[in-house]
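Trainee: Construct the complete structure from the given sequences, taking the supplied hints into account.
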Amino acid sequence: ETGVTQTPRHLVMGMTNKKSLKCEQHLGHNAMYWYKQSAKKPLELMFVYNFKEQTENNSVPSRFSPECPNSSHLFLHLHTLQPEDSALYLCASSQDVSRASYTFGSGTRLTVV
Amino acid sequence: QQPVQSPQAVILREGEDAVINCSSSKALYSVHWYRQKHGEAPVFLMILLKGGEQKGHDKISASFNEKKQQSSLYLTASQLSYSGTYFCGTPNVPYSGGGADGLTFGKGTHLIIQP
Numbered sequence: 036e037t038g039v040t041q042t043p044r045h046l047v048m049g050m051t052n053k054k055s056l057k058c059e060q061h062l063g064h065n066a067m068y069w070y071k072q073s074a075k076k077p078l079e080l081m082f083v084y085n086f087k088e089q090t091e092n093n094s095v096p097s098r099f100s101p102e103c104p105n106s107s108h109l110f111l112h113l114h115t116l117q118p119e120d121s122a123l124y125l126c127a128s129s130q131d132v133s134r135a136s137y138t139f140g141s142g143t144r145l146t147v148v
Numbered sequence: 006q007q008p009v010q011s012p013q014a015v016i017l018r019e020g021e022d023a024v025i026n027c028s029s030s031k032a033l034y035s036v037h038w039y040r041q042k043h044g045e046a047p048v049f050l051m052i053l054l055k056g057g058e059q060k061g062h063d064k065i066s067a068s069f070n071e072k073k074q075q076s077s078l079y080l081t082a083s084q085l086s087y088s089g090t091y092f093c094g095t096p097n098v099p100y101s102g103g104g105a106d107g108l109t110f111g112k113g114t115h116l117i118i119q120p
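Chains as they are written, first to last, in my numbering: chain A, 36 to 148; chain B, 6 to 120.
Be aware that a few hints might be false.
Derived DSSO-like pairs (lysine-lysine); straight-line CA-CA distance at most 27 Å [what the hints assert, rightly or not]: (1) B/K42 / A/K57; (2) A/K87 / A/K53; (3) B/K64 / B/K112; (4) A/K87 / A/K54; (5) B/K112 / A/K75; (6) A/K54 / A/K76; (7) A/K57 / A/K87; (8) B/K55 / B/K31; (9) B/K112 / B/K55; (10) B/K72 / B/K112; (11) B/K31 / B/K73; (12) B/K42 / B/K64; (13) B/K73 / B/K55; (14) B/K31 / A/K76; (15) B/K73 / A/K76; (16) B/K31 / A/K75; (17) B/K112 / A/K76; (18) A/K76 / A/K57; (19) A/K75 / B/K42; (20) B/K31 / B/K72; (21) A/K57 / B/K112; (22) A/K75 / A/K57; (23) B/K73 / B/K112; (24) A/K76 / B/K42; (25) B/K31 / B/K112; (26) A/K54 / A/K75; (27) A/K76 / A/K53.
Chain A regions said to be covered by chain B (calculated; three or more residues, Cβ under 8 Å) [stated by the list, open to error]: (28) 82-94; (29) 139-145.
Everything labelled a hint here was simulated from the structure, so no lab data went into it.
No experiment lies behind these values; they were computed from the predicted model shown.
C-beta: ideal position from N, C-alpha, C; glycine also.
Mentor: Dropping the structure here:
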């Protein structure tokens with residue numbers, strides 16, 4: 036597979052559940068990102084990983100926990116979420132330079148009930 | 006700081022031109038442009054680098070004025086396929102040679118092309 040793949044595409048979870056979002060890229064990129072996209076706000080940067088090391092945590096609540104086991108895989112672990120966390124969660128990857136273009140996955144549509 | 010995009014929305018007839026603006030309150034080294042169609046992932050259009058260069062992609066071009074900390078996206082003779090939301094993004098690392106540190110995106114400009 037090429038590009039950035041996210042699973043699942045849709046997820047409905049209760050506020051007491053624990054779930055994980057998965058992102059995988061086969062582009063040889065070494066930087067990966069999580070973005071949140073909701074109706075009221077634009078693309079919000081959540082986490083940045085360079086060479087598996089987290090370099091940015093954009094004041095994200097601790098109920099979101101990222102994990103990057105290698106440069107090709109990125110996870111977002113979710114627990115005790117709130118209804119306002121319902122949104123489209125997008126993963127992206129790029130080369131490790133500020134002028135590199137981003138390749139986005141199709142996202143996971145998360146609904147918290 | 007989040008870049009500011011204008012206008013928020015544009016409705017055009019096929020064949021008409023449009024300009025989307027993006028401005029920042031901080032010094033910029035580069036500006037990225039992406040387009041997102043409904044229900045799809047954002048897709049990269051182009052990067053403008055410091056130097057005021059203008060780039061083009063088919064009938065979509067852009068300019069970057071680092072002194073004014075602004076970039077503009079020009080859509081010429083718009084086609085139905087141009088419909089979508091356009092985002093500009095500015096690197097959190099504002100200087101050349103910096104590592105990837107995430108892009109901060111504007112709120113987007115919704116472009117609707119009518120036949």
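Trainee: For every hint, state whether the structure bears it out.
Mentor: Each hint, compared with the structure:
Simply put, B/K42 and A/K57 have alpha-carbon atoms about 22 Å apart, close enough for the 27 Å limit, and the pair holds. Of the supplied pair hints, the one linking A/K87 and A/K53 holds, its CA atoms being roughly 23 Å apart against a limit of 27 Å. Proximity of B/K64 to B/K112 is assessed by CA-CA distance (about 23 Å); at most 27 Å being required, the pair is judged to hold. At most 27 Å may separate the alpha-carbon atoms for a hinted pair to count; A/K87 and A/K54 meet this at roughly 21 Å.
For the proposed pair B/K112 and A/K75, the alpha carbon gap of about 9 Å is at most 27 Å, so the pair holds. Annotation: proposed proximity of A/K54 to A/K76 holds, straight-line Cα distance about 23 Å (limit 27 Å). Distance check on the hinted pair: A/K57 and A/K87 sit about 15 Å apart at the alpha-carbon level, within 27 Å; holds. For the proposed pair B/K55 and B/K31, the alpha carbon gap of about 14 Å is at most 27 Å, so the pair holds.
For the hint pairing B/K112 with B/K55, the CA-to-CA distance comes to about 23 Å; that is within 27 Å, so the pair holds. For a cut-off of 27 Å, the pair hint linking B/K72 to B/K112 stands: about 22 Å separates their Cα positions. About 10 Å separates the Cα atoms of B/K31 and B/K73, which keeps this hinted pair within 27 Å; it holds. Taking the CA atoms of B/K42 and B/K64, the gap is about 18 Å. The hint holds against a cut of 27 Å.
For the proposed pair B/K73 and B/K55, the alpha carbon gap of about 12 Å is at most 27 Å, so the pair holds. Restraint check for B/K31 and A/K76: satisfied, since their Cα atoms lie roughly 21 Å apart, inside the 27 Å limit. As the CA atoms of B/K73 and A/K76 are separated by approximately 26 Å, the hinted pair is consistent with the 27 Å bound. Only pairs whose Cα atoms come within 27 Å are accepted, and B/K31 paired with A/K75 is accepted, the gap being roughly 24 Å.
For a cut-off of 27 Å, the pair hint linking B/K112 to A/K76 stands: about 7 Å separates their Cα positions. Annotation: proposed proximity of A/K76 to A/K57 holds, straight-line Cα distance about 23 Å (limit 27 Å). A hinted pair counts as satisfied when its Cα atoms are at most 27 Å apart, and A/K75 with B/K42 qualifies at roughly 17 Å. Taking the CA atoms of B/K31 and B/K72, the gap is near 10 Å; set against the 27 Å cutoff, the hint holds.
At most 27 Å may separate the alpha-carbon atoms for a hinted pair to count; A/K57 and B/K112 meet this at roughly 26 Å. A distance of roughly 24 Å separates the Cα atoms of A/K75 and A/K57; the hinted pair therefore holds under the 27 Å criterion. Proposed proximity of B/K73 and B/K112 is supported: the alpha carbons are some 20 Å apart, at most 27 Å. Proposed proximity of A/K76 and B/K42 is supported: the alpha carbons are some 17 Å apart, at most 27 Å.
This hinted pair checks out: B/K31 and B/K112 have alpha carbons roughly 17 Å apart, not beyond 27 Å. Distance check on the hinted pair: A/K54 and A/K75 sit about 24 Å apart at the alpha-carbon level, within 27 Å; holds. Our distance criterion of 27 Å between C-alpha atoms is met by A/K76 and A/K53, whose separation comes to about 25 Å. Here's how the stretch 82-94 of chain A fares: 5 of its residues keep a CB closer than 8 Å to some CB of chain B, so the rule of at least three is met and the hint holds.
By the rule of at least three residues with a Cβ nearer than 8 Å to a Cβ of chain B, the coverage given for the stretch 139-145 of chain A holds, with 4 such residues.
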